[in-house]
Amino acid sequence: MRLSYPSNIKVIQVPCSGRVDIIHLLKAIEDGADGVYIAGCLEGECHFLTGNLKARKRVNYVKKVLEELGIEPERVEMFNLSAGEGPRFVEIAKEMAERIQELGPSPVNVQKKAA
Amino acid sequence: MIIADRKPLAELLEMIQDCDRILILGCKGCVTVCNVGGAKEVGILASALKIARKKEGRTLEVDERTLERQCDPEYIEQVKNEVGDYDAVISMACGVGPQFLSTAYPEQRFYPAVNTTSFGGAVQHGVWEERCAGCGQCVIHYFGGMCPIARCSKSLLNGPCGGSAGGKCEISKDVDCIWDMIVRKKTEQGRLEDLLDVKPPKSWDTARDGGPRRSVREELVQ
Numbered sequence: 022m023r024l025s026y027p028s029n030i031k032v033i034q035v036p037c038s039g040r041v042d043i044i045h046l047l048k049a050i051e052d053g054a055d056g057v058y059i060a061g062c063l064e065g066e067c068h069f070l071t072g073n074l075k076a077r078k079r080v081n082y083v084k085k086v087l088e089e090l091g092i093e094p095e096r097v098e099m100f101n102l103s104a105g106e107g108p109r110f111v112e113i114a115k116e117m118a119e120r121i122q123e124l125g126p127s128p129v130n131v132q133k134k135a136a
Numbered sequence: 230m231i232i233a234d235r236k237p238l239a240e241l242l243e244m245i246q247d248c249d250r251i252l253i254l255g256c257k258g259c260v261t262v263c264n265v266g267g268a269k270e271v272g273i274l275a276s277a278l279k280i281a282r283k284k285e286g287r288t289l290e291v292d293e294r295t296l297e298r299q300c301d302p303e304y305i306e307q308v309k310n311e312v313g314d315y316d317a318v319i320s321m322a323c324g325v326g327p328q329f330l331s332t333a334y335p336e337q338r339f340y341p342a343v344n345t346t347s348f349g350g351a352v353q354h355g356v357w358e359e360r361c362a363g364c365g366q367c368v369i370h371y372f373g374g375m376c377p378i379a380r381c382s383k384s385l386l387n388g389p390c391g392g393s394a395g396g397k398c399e400i401s402k403d404v405d406c407i408w409d410m411i412v413r414k415k416t417e418q419g420r421l422e423d424l425l426d427v428k429p430p431k432s433w434d435t436a437r438d439g440g441p442r443r444s445v446r447e448e449l450v451q
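Protein sequences, first through last, are from chains F and B. According to my numbering, the first sequence is numbered sequentially starting from 22. According to my numbering, the second sequence is numbered sequentially starting from 230.
FYI, nobody ran anything at the bench for these hints, they're computed from the structure. Predicted, not measured: the structure shown is a model, and the values here were computed from it. A couple of the hints might just be wrong.
[Said to hold, decoys possible] 20 Å max Cα-Cα, derived EDC-like pairs, lysine to aspartate or glutamate: (1) B:K284 / F:D52; (2) B:K279 / F:D42; (3) B:K284 / F:E123; (4) B:K279 / F:E88; (5) B:K269 / F:D52; (6) B:K236 / F:E89; (7) F:K78 / B:D234; (8) F:K84 / B:D234; (9) B:K279 / F:D52; (10) B:K279 / F:E89; (11) B:K284 / F:E88; (12) B:K269 / B:D247; (13) B:K279 / F:D55; (14) F:K48 / B:E290; (15) B:K284 / F:E93; (16) B:K269 / F:E51; (17) F:K85 / B:E285; (18) B:K284 / F:E51; (19) F:K48 / B:D292; (20) F:K85 / B:E240; (21) B:K397 / B:D409; (22) F:K85 / F:E98; (23) F:K84 / B:E285; (24) F:K85 / B:E243; (25) B:K284 / F:E64.
[As the list claims (entries may be wrong)] Some but not every residue of chain B turned toward chain F, in silico, with C-beta under 7 Å: (26) A277; (27) A281; (28) K283; (29) K284.
[Stated by the list, open to error] Computed footprint of chain F on chain B, listed as stretches where at least three residues anywhere in the stretch have a Cβ under 8 Å from a Cβ of chain F: (30) 233-247; (31) 261-275.
Ideal placement from N, C-alpha and C gives every residue a C-beta, glycine not left out.
Generate the whole structure from the sequences, applying the supplied hints.
Rendered as structure tokens:
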């Protein structure tokens, strides 16, 4: 299966989506990412039982922070899929890339360029 | 422990509007335990404030530090060399922290990042509830180990009132009627007659009504 996903997505591997913390998502936005999403295992299928559920709650927290700051919360998202679903991984990557394309560059970056 | 909630980011941004360089000071005491002002939350707030500033096209330099406690001068002293290097300092401790800091460093501006709400504990992971009102004269032993001063909306000592329905307080369906719980517990224990002992009006001299409180342990005073 040689599937390609949008090249503007940088994949960071972690042992479990539960490893991703609020600060990691915020730092990504702070450092200029236009969007950031977590691809975790299917809910109920976490090897560590609740890692992906925790990840979702953290994503929701970051969405609220972005909302407070007047930044589109859709720039941060949680997806669930199994490790065997290559085509779904690509689908999600394309969906997220399209969403970010529609939203445009992060307000953090727009100001940076203007300055 | 002392429970607090973080202030809205807009309020904090307003406080530091004219600042380019700030220090966020966390506390490893109560606010770390209730996940609002420890090292982790300091990092999150720093990042959020920097994102907000970048969005405005301005920069904000933020240093992060978390003290053992902010309610003891010996720990407050640990920032003496750097506290003057900033335009302002945000304290993530309870209301005590920014006051101790302001006293120790009168030339600096200190802003509270949290709203201190109550004395309480975690009833489940992520949920904290008030348990003590700090009235200065503990009476929980009369009420089955439950404090009607902190946990009854009216602080009734001879309750319940007519607003108790289905075990809930009339102010909200999310608030248990503590008097319902007290009566139930006393009934289960077979000690309901304890509640026949009518409590006279409580003296609030030891509470806030008597003015700011002070505790002195002579054996420790140097």
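We went through each hint and held it up to the structure:
no., hint, result
1, B:K284 / F:D52, "holds (12 Å)"
2, B:K279 / F:D42, "holds (18 Å)"
3, B:K284 / F:E123, "holds (19 Å)"
4, B:K279 / F:E88, "holds (15 Å)"
5, B:K269 / F:D52, "holds (18 Å)"
6, B:K236 / F:E89, "holds (11 Å)"
7, F:K78 / B:D234, "holds (18 Å)"
8, F:K84 / B:D234, "holds (18 Å)"
9, B:K279 / F:D52, "holds (10 Å)"
10, B:K279 / F:E89, "holds (13 Å)"
11, B:K284 / F:E88, "holds (13 Å)"
12, B:K269 / B:D247, "violated (25 Å)"
13, B:K279 / F:D55, "holds (15 Å)"
14, F:K48 / B:E290, "holds (15 Å)"
15, B:K284 / F:E93, "holds (12 Å)"
16, B:K269 / F:E51, "holds (16 Å)"
17, F:K85 / B:E285, "holds (19 Å)"
18, B:K284 / F:E51, "holds (9 Å)"
19, F:K48 / B:D292, "holds (15 Å)"
20, F:K85 / B:E240, "holds (15 Å)"
21, B:K397 / B:D409, "holds (8 Å)"
22, F:K85 / F:E98, "holds (12 Å)"
23, F:K84 / B:E285, "holds (19 Å)"
24, F:K85 / B:E243, "holds (19 Å)"
25, B:K284 / F:E64, "violated (34 Å)"
26, A277, "holds (5 Å)"
27, A281, "holds (5 Å)"
28, K283, "holds (4 Å)"
29, K284, "holds (4 Å)"
30, 233-247, "holds (count 3)"
31, 261-275, "holds (count 3)"
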